[in-house]
Amino acid sequence: MAEEHNKNSERPVAEKGEHIIARHLVDDDAIKEEKNLVIDGVDVSGRWNTFIVTRVDSEFDRSFFDEIQKTVVGSRINRCWQCGMCTASCTVTPLYRRFNPRAFIYMMQLGNLKQLKKYIDVAWRCVGCYKCSQRCPKQVNPAEMMEALALLIKRYFPEEIKSKHQLKIDEEVKAIYEGMILGHGRLDLANLHTSAMRKMGKTTELLSDKDERGAIFKMMKDGRALSVLRLGKPHKWHKSKDAIDNYLKHTGTLEQEGMI
Amino acid sequence: MAENILVIGGGPAGLHAAIELAELGVNVSLVERDTFFGGNPKKFKYKYLFPDLQPADNVIGELVKRAESNNNIKKYLSANIESFKEDGKKFNAVIKSSAGSETKTFDSVIVATGFEHFDPAKDSKYSYQLFDDVIDIKDLERMMGEGNFTRPSNGKPPKNVAIILCVGSRDRHVGNQYCSRVCCTVSVKQAIELREHFPETEVYIFYMDIRTYGFYEDLYWEAMEEHDVQIVKGRVAEITSGPDNTVICKGEDTLLRGPFEIPFDMVVLASGMEGGPQSPEMAEKLGIELDEHGFLKQANVTLSPFKSNKDGIFLAGACTGPKAIADAIVEGGAAAMKAYIYAKKNS
Ligand SMILES: Cc1cc2nc3c(=O)[nH]c(=O)nc-3n(C[C@H](O)[C@H](O)[C@H](O)COP(=O)(O)OP(=O)(O)OC[C@H]3O[C@@H](n4cnc5c(N)ncnc54)[C@H](O)[C@@H]3O)c2cc1C
Ligand code: SF4
Ligand code: SF4
Ligand code: SF4
Chain P
1 MAEEHNKNSE RPVAEKGEHI IARHLVDDDA IKEEKNLVID GVDVSGRWNT
51 FIVTRVDSEF DRSFFDEIQK TVVGSRINRC WQCGMCTASC TVTPLYRRFN
101 PRAFIYMMQL GNLKQLKKYI DVAWRCVGCY KCSQRCPKQV NPAEMMEALA
151 LLIKRYFPEE IKSKHQLKID EEVKAIYEGM ILGHGRLDLA NLHTSAMRKM
201 GKTTELLSDK DERGAIFKMM KDGRALSVLR LGKPHKWHKS KDAIDNYLKH
251 TGTLEQEGMI
Chain C
1 MAENILVIGG GPAGLHAAIE LAELGVNVSL VERDTFFGGN PKKFKYKYLF
51 PDLQPADNVI GELVKRAESN NNIKKYLSAN IESFKEDGKK FNAVIKSSAG
101 SETKTFDSVI VATGFEHFDP AKDSKYSYQL FDDVIDIKDL ERMMGEGNFT
151 RPSNGKPPKN VAIILCVGSR DRHVGNQYCS RVCCTVSVKQ AIELREHFPE
201 TEVYIFYMDI RTYGFYEDLY WEAMEEHDVQ IVKGRVAEIT SGPDNTVICK
251 GEDTLLRGPF EIPFDMVVLA SGMEGGPQSP EMAEKLGIEL DEHGFLKQAN
301 VTLSPFKSNK DGIFLAGACT GPKAIADAIV EGGAAAMKAY IYAKKNS
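From first to last, the protein sequence lines are chains P and C.
Quick note: the first sequence, position 221, residue 221 per the working numbering, numbers continuous.
Quick note: the second sequence, position 17, residue 17 per the working numbering, numbers continuous.
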């Protein structure tokens with residue numbers, strides 16, 4: 001990311017923060033530079049006015065914890081003790097190292113949006129294979145916690161999502177989502193992901209992107225793709241389906257206030 | 001003629017040993033340096049005990065009652081062992097108490113002089129005694145025993161509380177490398193009690209490991225899953241004063257790999273257990289050995305943990321290392337049996 005930024009931006013004077021030793025350890029956002037700056041009557045223009053914003057966390061914000069705990073998908077957030085079995089079993093982490101369900105849950109517990117924000121680009125990568133939830137010793141259900149995370153990000157960083165990925169939830173994607181839930185009783189995020197990409201006209205990107213294509217091949221080869229597909233329908237699904245159909249007949253919609 | 005056995009220390013371990021021996025018909029002399037029996041749980045007014053949060057009085061009160069009502073136990077309060085000598089297989093001791101000095105001959109001896117709480121003031125990084133709102137688990141235990149959960153500085157309910165584990169334990173800097181075993185469980189218990197008392201108060205536990213061993217784990221799960229106690233990985237390295245009458249805990253969140261400086265209304269230090277001055281004192285007086293942790297040395301840590309390295313002198317409870325009340329009571333019973341067998345053989 002840092003390289004990209006430096007390549008594209010026009011900076012005739014100097015690269016941002018180029019005088020910082022171990023520059024790679026400092027995020028772009030954390031560097032403050034002014035062209036001209038006077039502090040206490042001393043002109044510190046030039047290379048002396050590079051400042052690094054403090055990295056110290058000075059607050060635990062429990063309101064996020066409370067908010068997430070109130071949702072159906074995030075209700076077990078209080079259980080996680082950070083053992084990392086979710087991340088260790090995750091289908092996605094070996095391909096995108098920065099996708100780390102354990103760490104995301106911790107950031108959510110402590111309300112550390114500053115950290116979460118750094119991961120908006122990967123946070124939605126979960127393919128819904130539920131391997132993490134199967135392994136989790138505390139039954140946190142981390143797979144669904146990743147949905148809670150997506151909701152959180154959508155809510156608190158709408159601008160960033162738009163600017164970075166041009167994602168928009170349209171009626172068609174919603175239809176795919178509902179079809180999946182009603183048809184199989186389970187969300188197949190891999191399927192949702194590809195369908196959404198297709199709807200957005202990104203079919204080529206899906207197959208041409210080296211990462212994406214490589215990931216698919218790798219997953220087919222080592223059997224992970226199969227373990228994702230093997231997920232069956234929930235036990236006695238037809239009964240639940242009847243109930244949902246019945247509900248839909250009366251209300252006409254799946255959506256309900258606060259029922260995320 | 002009945003055997004004579006000396007029990008030094010009237011905490012859970014010593015009380016239980018004395019009661020068991022008395023029920024076997026032994027003449028027991030129970031020597032306690034304090035003005036009351038019951039040991040540390042009584043001294044610091046523990047109110048509810050882990051693991052099941054039963055009233056401490058069920059256990060401590062009950063032991064004291066049984067000992068006090070047993071006529072085979074001669075009780076010495078505000079007392080100590082003035083001198084101690086071996087005499088063949090027997091022991092001559094001078095017991096000094098408010099009633100004066102008394103010389104007696106014993107067939108065997110049980111040492112149950114327990115532990116002392118680590119004094120956090122010895123480790124300046126925690127600013128104990130510098131700020132009113134920095135207290136430790138024994139202070140909180142006593143406060144809660146008196147029905148008081150509020151901030152010492154202003155008597156108001158705290159908005160947030162930090163509990164810091166491993167204070168005075170597992171730290172070469174303070175000279176204690178061992179784990180004090182009970183402080184994790186005491187801490188999650190206190191976290192639950194705080195949350196139950198003040199549901200609005202946020203409670204965070206700063207940990208390196210959480211060692212609620214065996215079934216004590218249940219309490220740890222309960223603290224998280226039923227009381228939303230938040231654990232944060234990292235040991236706090238410094239406590240300074242913060243804005244609005246708060247204290248700031250500085251540490252590294254080792255999971256996020258970043259420093260934090262968080263203001264809290266109240267900080268509770270989980271100070272550990274030490275052998276105290278009584279352990280070397282006993283070692284010297286009775287001619288038994290001290291171990292490298294400052295507790296009394298067991299003859300064999302696995303085969304005979306309740307024996308000292310001297311025949312006829314037995315050990316029970318926290319004087320041989322950190323442990324819970326149930327363990328202290330079990331050892332009191334085991335030491336009583338050993339002391340009884342030794343006395344029977346030699347009297
Ligand atoms: C904050 C805290 C909370 C705890 N809460 C719990 C709990 O909820 N549940 C639980 O199971 N355990 C708990 N524990 C552990 C418990 O306190 C110990 O297991 C228990 O006190 C050990 O009993 P003891 O008889 O060996 O020692 P002690 O309780 O230390 O008793 C030793 C006795 O010997 C006396 N003595 C010492 N030196 C001399 C001397 N030279 N001459 C005469 N007498 C002497 C002392 O005055 C004292 O009365 C807690 C510990 C701490 C630190
Ligand atoms: S969600 Fe479960 S598996 Fe993942 S870190 Fe938390 S407790 Fe461990
Ligand atoms: S459900 Fe998502 S987070 Fe869990 S293992 Fe699968 S991809 Fe990883
Ligand atoms: S019991 Fe817990 S707090 Fe106490 S020393 Fe051991 S690990 Fe640290």
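Worth flagging that the hints you see were computed from the coordinates, not collected in a lab.
No experiment lies behind these values; they were computed from the predicted model shown.
Glycine included, C-beta positions come from ideal geometry on N, C-alpha and C.
Each hint should be verified, as a subset may be incorrect.
Claimed, not checked - Under 7 Å between C-beta atoms, here's a sample of chain P residues computed to sit facing chain C: (1) Ser-58; (2) Arg-62; (3) Asn-78; (4) Arg-79; (5) Gln-82; (6) Cys-83; (7) Arg-98; (8) Glu-147; (9) Leu-151.
A quick look at each hint next to the structure:
Checking Ser-58 of chain P against chain C: minimum C-beta separation of about 5 Å stays under 7 Å; hint holds. Against a cut-off of 7 Å between C-beta atoms, the interface hint on Arg-62 of chain P holds, since the closest Cβ of chain C lies about 5 Å away. Given hint, Asn-78 of chain P at the interface with chain C, holds; its Cβ is 5 Å from that chain's nearest Cβ, closer than 7 Å. At its closest, the beta carbon of Arg-79 of chain P sits 5 Å from a beta carbon of chain C; the interface hint therefore holds under the 7 Å criterion.
Satisfaction of the interface hint for Gln-82 of chain P is found here, the shortest Cβ-Cβ separation to chain C being roughly 6 Å, below the 7 Å cut-off. Hint status for Cys-83 of chain P relative to chain C: violated, with the closest Cβ pair at about 11 Å, above 7 Å. Given the 7 Å rule on beta carbons, the hint for Arg-98 of chain P is violated: about 13 Å separates it from the nearest Cβ of chain C. Checking Glu-147 of chain P against chain C: minimum C-beta separation of about 20 Å lies over 7 Å; hint violated.
At a threshold of 7 Å, the smallest CB-CB gap from Leu-151 of chain P to chain C is about 20 Å, leaving the interface hint violated.
The structure is inconsistent with the numbered hints 6, 7, 8 and 9, although it conforms to all the rest.
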